[in-house]
Amino acid sequence: MSILEVKNLCRSYKGFDLNNVSFDIPEGTIMGLIGENGAGKSTIINIITNAVHKDSGTVKLFGVDLENCNSDIWNSIAVVQADCGFPEELTIKNAESVLKGIYKNWDSGKFESYINKLGLDFKKKIKSLSTGMKMKLELAIALSHSAKFLILDEATNGLDFMARNEILDILMDFIQDESCGVLLASHIIEDMERICDYITFIHNGNVVFSENKDDLLDKYAVINIDENKLSELDSKAVVYTDKTQYSSKALVYRNQIPSGFETEKTTIQDIMYFYMKGGK
Amino acid sequence: MLGLMKKEIFMMKNSMVTAGIVMLILTIAMISSENAEIGILSGYIVAFTAISPITMIAYDEKNKWDRYSSAMPATKRQQVLCKYLMVILSIVILTAIFIALCAIKGETLIYIKGVIIVPVVMAITISGIELLMAYKFGANKARFVLIGIMFLIIFGARIYGAMDMLSVITRNPAMFYIGGIIVAFAVYIASFCLSVHFHSNKDF
Numbered sequence: 001m002s003i004l005e006v007k008n009l010c011r012s013y014k015g016f017d018l019n020n021v022s023f024d025i026p027e028g029t030i031m032g033l034i035g036e037n038g039a040g041k042s043t044i045i046n047i048i049t050n051a052v053h054k055d056s057g058t059v060k061l062f063g064v065d066l067e068n069c070n071s072d073i074w075n076s077i078a079v080v081q082a083d084c085g086f087p088e089e090l091t092i093k094n095a096e097s098v099l100k101g102i103y104k105n106w107d108s109g110k111f112e113s114y115i116n117k118l119g120l121d122f123k124k125k126i127k128s129l130s131t132g133m134k135m136k137l138e139l140a141i142a143l144s145h146s147a148k149f150l151i152l153d154e155a156t157n158g159l160d161f162m163a164r165n166e167i168l169d170i171l172m173d174f175i176q177d178e179s180c181g182v183l184l185a186s187h188i189i190e191d192m193e194r195i196c197d198y199i200t201f202i203h204n205g206n207v208v209f210s211e212n213k214d215d216l217l218d219k220y221a222v223i224n225i226d227e228n229k230l231s232e233l234d235s236k237a238v239v240y241t242d243k244t245q246y247s248s249k250a251l252v253y254r255n256q257i258p259s260g261f262e263t264e265k266t267t268i269q270d271i272m273y274f275y276m277k278g279g280k
Numbered sequence: 001m002l003g004l005m006k007k008e009i010f011m012m013k014n015s016m017v018t019a020g021i022v023m024l025i026l027t028i029a030m031i032s033s034e035n036a037e038i039g040i041l042s043g044y045i046v047a048f049t050a051i052s053p054i055t056m057i058a059y060d061e062k063n064k065w066d067r068y069s070s071a072m073p074a075t076k077r078q079q080v081l082c083k084y085l086m087v088i089l090s091i092v093i094l095t096a097i098f099i100a101l102c103a104i105k106g107e108t109l110i111y112i113k114g115v116i117i118v119p120v121v122m123a124i125t126i127s128g129i130e131l132l133m134a135y136k137f138g139a140n141k142a143r144f145v146l147i148g149i150m151f152l153i154i155f156g157a158r159i160y161g162a163m164d165m166l167s168v169i170t171r172n173p174a175m176f177y178i179g180g181i182i183v184a185f186a187v188y189i190a191s192f193c194l195s196v197h198f199h200s201n202k203d204f
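Respectively, the protein sequence lines represent chains A and B. For what it's worth, this note's numbering labels the leading residue of the first sequence as 1, then goes sequentially. For what it's worth, this note's numbering labels the leading residue of the second sequence as 1, then goes sequentially.
All clues given are correct.
Derived coverage of chain B by chain A (criterion: at least 3 residues anywhere in the stretch with Cβ under 8 Å from a Cβ of chain A; other residues may be distant): (1) 1 to 9; (2) 65 to 73; (3) 192 to 204.
Think about it this way: if two alpha-carbon atoms lie no more than 25 Å apart in a straight line, the pair counts; the simulated SDA-like pairs of lysine to any residue are: (4) B:K136 to A:H53; (5) B:K6 to A:E112; (6) B:K6 to A:E96; (7) A:K124 to B:T55; (8) B:K6 to A:N75; (9) A:K125 to B:T18; (10) B:K62 to A:E96; (11) B:K136 to A:E67; (12) B:K76 to A:I73; (13) B:K64 to A:A142; (14) B:K202 to A:E154; (15) A:K127 to B:K13; (16) A:K60 to A:N75; (17) A:K104 to A:N75; (18) A:K134 to B:A74; (19) B:K6 to A:L120; (20) A:K60 to B:D66; (21) B:K64 to A:E67; (22) B:K62 to B:N201; (23) B:K6 to A:S113; (24) A:K93 to B:K62; (25) A:K100 to A:I73; (26) B:K76 to A:D65.
The hints are simulated quantities; they were obtained by calculation from the structure and are not laboratory data. For glycine and all other residues, C-beta sits at the position ideal for the given N, C-alpha and C.
With these hints in hand, go ahead and build the complete structure from the sequences.
Written out as structure tokens, the structure is:
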């Protein structure tokens, strides 16, 4: 069963359209949602989390339509967002007291162990925490009510290398339970490449691809060649090219490149760059 | 639901403690002055509860709580209901403090009843309108509505005086008070239903 199924999701704003977005998150996997600023990642997440209404399409959480999700399903979902969270006027202790009354599976022992593990202090007011500390708190909250589906929107942005790694390690632990799933939207492609099983690339409100990460990296390659040699290649093999005055760099389908051409290992960042650049 | 109420209480705790202390100080000042009319303090209940709805919604807007809580196991109706219950709770607490202070000063039950019902009715009605405006237009715009309501109250009080309404009330006070309470709660309930509708259809 899929943790999340998004099908033909549409939403129009003045000057921006989210067009027929579709992707699935199978159980036990991490899906990375990538795209430039304003591509539509947060709109997708806000629709999934019921904060924004969709115009059309379907969203299913654990096989149930979003409109019919009951409190049991919302108890199984946790959201960590960079720009919103728990009221900052509260202390961590106050926040726990509130959450105990909201989530039926709230586990105080687990929360306390995360708070200690992440170096937080129960007596501190949320507004006194740094960005990294706030993110850690949101993550501790998300992981303390037996959620099966974790949604993180730009949760590692603004964090230093150590804090990011700490959060990614926690996510890797979380996903060890094969019935769980994670949707991670971020600008930091290295993080995605490290932990995601699937990648969905959103560009101008459209899904460019939604595929298994390893398949993507196998499917594409980058070649550095001059323009004359580039013309020797079958045009179907070339996805996009990036021409400069002295050389050309191209994203190509690895299996369509004849022997003799030296290919480089590609990265998700390369693939994203070529698709966004767009020149064939 | 209990958790959401706790959140509102934590958020409003400081404002409520401050309101209680100010009320206490004013009362002490009035008790020590022989000619002072303690009934004036009931107006404080109206002032505090008129500000509370905007304060609560403004806190939520600042923290983007509505977006954060959208994925929580609490319906939009429950989230709105918490705010409405919180305002009623504030009115009950302040009214209880006021009655206790009147009793300490040795005021009669008839006097207390006479000075408390109208402010409570006003507090319920105004906060109902305030909450509705805040849910529809946001806390910032609701502030302007509050100023407008205050103007209407002053203007209404002048007409009230000019029309010698006091004699109407004194002729049939029970009817006036019961009618007022019914109207206040009707406004409050209608406001709640509309706020749920606006909140459920809003994007955060």
